[in-house]
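Number of protein chains: 2
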Amino acid sequence: MIGGEPVEAVMVRYGEVFLKSERVKRRFVSAMAENIGLALEAEGFAHRIETYRGRILIYGDDPARIAKTAARVFGVVSASVCTVTTADIEGITTAALKRAERRLRPGMSFAVRARRSGVPGFSSQELAAAVGSAILERFDGVGVDLTHPDYEVSVEAREFGGLVYDEKIPGPGGLPYGTQGEVITLLSAGIDSPVASWLMMRRGCRMLHINMHGGRFGGADVGRKVLQNHARLSSWVPGRALDLLVVDMEPFFEVITALKEPRYRCVLCKRFMLRVAGILAEERGAHAIVTGDNLGQVASQTLANMAVISAATTLPVLRPLIGFDKDEVVGRARSIGTFEANPGEIGCAVAPRYPSTAAPAETIARIEEEIDAVGLAERAAASVRVIRAKNGAVEEAAPTSDDT
Amino acid sequence: MIGGEPVEAVMVRYGEVFLKSERVKRRFVSAMAENIGLALEAEGFAHRIETYRGRILIYGDDPARIAKTAARVFGVVSASVCTVTTADIEGITTAALKRAERRLRPGMSFAVRARRSGVPGFSSQELAAAVGSAILERFDGVGVDLTHPDYEVSVEAREFGGLVYDEKIPGPGGLPYGTQGEVITLLSAGIDSPVASWLMMRRGCRMLHINMHGGRFGGADVGRKVLQNHARLSSWVPGRALDLLVVDMEPFFEVITALKEPRYRCVLCKRFMLRVAGILAEERGAHAIVTGDNLGQVASQTLANMAVISAATTLPVLRPLIGFDKDEVVGRARSIGTFEANPGEIGCAVAPRYPSTAAPAETIARIEEEIDAVGLAERAAASVRVIRAKNGAVEEAAPTSDDT
Chain C
15 MIGGEPVEAV
25 MVRYGEVFLK
35 SERVKRRFVS
45 AMAENIGLAL
55 EAEGFAHRIE
65 TYRGRILIYG
75 DDPARIAKTA
85 ARVFGVVSAS
95 VCTVTTADIE
105 GITTAALKRA
115 ERRLRPGMSF
125 AVRARRSGVP
135 GFSSQELAAA
145 VGSAILERFD
155 GVGVDLTHPD
165 YEVSVEAREF
175 GGLVYDEKIP
185 GPGGLPYGTQ
195 GEVITLLSAG
205 IDSPVASWLM
215 MRRGCRMLHI
225 NMHGGRFGGA
235 DVGRKVLQNH
245 ARLSSWVPGR
255 ALDLLVVDME
265 PFFEVITALK
275 EPRYRCVLCK
285 RFMLRVAGIL
295 AEERGAHAIV
305 TGDNLGQVAS
315 QTLANMAVIS
325 AATTLPVLRP
335 LIGFDKDEVV
345 GRARSIGTFE
355 ANPGEIGCAV
365 APRYPSTAAP
375 AETIARIEEE
385 IDAVGLAERA
395 AASVRVIRAK
405 NGAVEEAAPT
415 SDDT
Chain V
15 MIGGEPVEAV
25 MVRYGEVFLK
35 SERVKRRFVS
45 AMAENIGLAL
55 EAEGFAHRIE
65 TYRGRILIYG
75 DDPARIAKTA
85 ARVFGVVSAS
95 VCTVTTADIE
105 GITTAALKRA
115 ERRLRPGMSF
125 AVRARRSGVP
135 GFSSQELAAA
145 VGSAILERFD
155 GVGVDLTHPD
165 YEVSVEAREF
175 GGLVYDEKIP
185 GPGGLPYGTQ
195 GEVITLLSAG
205 IDSPVASWLM
215 MRRGCRMLHI
225 NMHGGRFGGA
235 DVGRKVLQNH
245 ARLSSWVPGR
255 ALDLLVVDME
265 PFFEVITALK
275 EPRYRCVLCK
285 RFMLRVAGIL
295 AEERGAHAIV
305 TGDNLGQVAS
315 QTLANMAVIS
325 AATTLPVLRP
335 LIGFDKDEVV
345 GRARSIGTFE
355 ANPGEIGCAV
365 APRYPSTAAP
375 AETIARIEEE
385 IDAVGLAERA
395 AASVRVIRAK
405 NGAVEEAAPT
415 SDDT
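Chains C and V, in that order, are what the protein sequence lines are. Every position in the first sequence, counted from 1, becomes a number in my numbering once 14 is added. Every position in the second sequence, counted from 1, becomes a number in my numbering once 14 is added.
Looking at chain C on its own, in the form it has when it is part of the complex (with noise of 0.2 Å):
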């Protein structure tokens, strides 16, 4: 706005994006837009965007429904409902004392905290002190506390317009979803998998989920608590269709546990997750496996099993948690809304009691080439079944089996 009455709008702010080329940053703008956009259409709000240098303004009937809708949008660092006023001390000043009449009360300090860019005729500390003056003379028994005052205004004074605002919904930083390309994660019922697609996902990576379907097995089954988390992830790229890929892994459970040696199962069962994982990967483009992989974790998680794995692909396999404790993931999870989908711990009927912590990579060569496990794996890529999520609910109807 260069003119006319203020006007209430959701001001929106991103990092890092910042730290890019200008050609790359315009790329990235416009895709935080786009996604935000999205956002606002699958609630249903009405709204125009404007895209500005450092900032991005939305318009619409419900600033506060759609500041919070905007703050769950990746890359945005925060969003605050503003009103945006003429660039001038006067426009401002106006703005910045109406927002303060309805949370400014006697006894209380404040503090204004001014930006200027490309605007000239003022510098930024007298713009501050400029509205700073005007609220001691209109409120009584206010004072001034830079440090830790009881309420806090924001100016702001950009080529595009003033900007006054005096709260801000943290967002999850991160980049635009879809700036990076597109990678899978190998998603479970647990706790750990769902943040592992998270963080990619507020990285950037598009995300394509697979899941192992234990059939009479159970232990990796594609159960409630799968589709759940495979939902609740849909709902943070609102408008845009997250794919589970459901591989059935009865036929390979059926050969592993005829096997005479228990102790191997989860280095194969692992390195057979990673290659189907990988023939799907290729087939769509994706660049990378994501894992929700630990350290020390479990009895098979170990460093040496883990190299064993990952020669199971030529892929990267990236392992977000890798330098993770638990509580921090448990933290992230709740977050995120993935943690109450699993309340307990879920145990794996093919896991044996004592699995190996050092599988040796020519042991387990030998028995995949006896059990054909290429073969079996080009099978199980084949037999891929598509569970499409949008806006947090899945499309399909939930299979019946249990969770377990």
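What the hints contain is simulated information worked out from the structure, not anything from laboratory work. Wrong hints could be hidden among the right ones.
Copies of the same chain look alike in the list, so a pair counts if it fits in one copy or across any two.
[To be verified] In silico BS3-like links for lysine-lysine, alpha-carbon gap of 27 Å or less:
hint	residue 1	residue 2
1	112	404
2	274	182
3	404	239
4	274	112
5	340	39
6	182	239
7	340	182
8	82	274
9	340	274
10	39	182
11	112	39
12	112	239
13	404	274
14	239	274
Given chain C, work out where chain V should sit, using these hints.
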């Protein structure tokens, strides 16, 4: 203690190791106790360590400083100076009153937090009530507030004695150093790789650092900042030697800067580093290569390039920062103590202006064949120089070359 005079000690809490089996738990607790012992020796504290179910107790002359030292050991959730007394209500109450006397003042609210484990005769509620009443009786003008107390005293009745404390120093958490096998981290002068190394050390991995010395090309030099990062990281595993393998990259840089096509240099360079790291890892029994890789931070950090780069080694490449935002990495670097080592961005003298964002695997393979990348890597790995750090300091004199 089972009787005798109350005594001051340091109590160490550990968390995640409780997830393990009894056998693994014993191994982890004893590794953590050993590491705490090494840390205290490095600081010159005479001490005695006792390990119990769920708690480690340290006796020594300066509990406050011992607690601070113990609170930097991986696996430790928190450390508290505490009074160790008899495991009965009377002994605990007397110790709690004595502790409260030092910090509880008229007008303050307080809360008693009680735990009981393996001690019969009273419940934790009864213990809390007894201590609370005694405090109310002894101190004037104080009141109970269980939700937001000004002062909080914790009391525990355990098989081995009563514990009373009112302060907690948070520890790094994670798993005891050395319980997870060895990994090798590509350490640079930057912000990211030291954080990646620290996170994997915190997850229990024995660490080895490797740095690519650019020689006259400078870009990846083992300058003051690399040594500083290396030394600071060694301060997190006191009493243990941390080795930095310095590889001479100059011959490789000579070759790739002579190539007509500059845009594949970043991919060639990273593949070369992984190749050399892989050779040295296998020589020394390390199971994985750790990098500070992010997504989308620099032009060559694309998923497509990551796939081509990863294929240079058969070892798993662990990228603990792959799901991190830049500000999260910076926050970690600050708390670890490696951030101030790197005030600015570090440029690379060899990187082209426009690096390829999707280097074709076949082109890379052809160039590597032409330049004999395998032979170059083997010679580079053979020329390695070792710089050992211990207790936060480098044991070898720093080289005189520049930092850039």
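Evaluation of the provided hints:
no., hint, verdict
1, 112 <-> 404, "neither (40 Å within a copy, 60 Å between copies)"
2, 274 <-> 182, "neither (60 Å within a copy, 51 Å between copies)"
3, 404 <-> 239, "within (16 Å within a copy, 48 Å between copies)"
4, 274 <-> 112, "neither (77 Å within a copy, 64 Å between copies)"
5, 340 <-> 39, "between (35 Å within a copy, 16 Å between copies)"
6, 182 <-> 239, "neither (33 Å within a copy, 37 Å between copies)"
7, 340 <-> 182, "between (30 Å within a copy, 20 Å between copies)"
8, 82 <-> 274, "neither (56 Å within a copy, 52 Å between copies)"
9, 340 <-> 274, "neither (34 Å within a copy, 49 Å between copies)"
10, 39 <-> 182, "within (23 Å within a copy, 44 Å between copies)"
11, 112 <-> 39, "neither (35 Å within a copy, 61 Å between copies)"
12, 112 <-> 239, "neither (48 Å within a copy, 51 Å between copies)"
13, 404 <-> 274, "neither (44 Å within a copy, 48 Å between copies)"
14, 239 <-> 274, "neither (32 Å within a copy, 54 Å between copies)"
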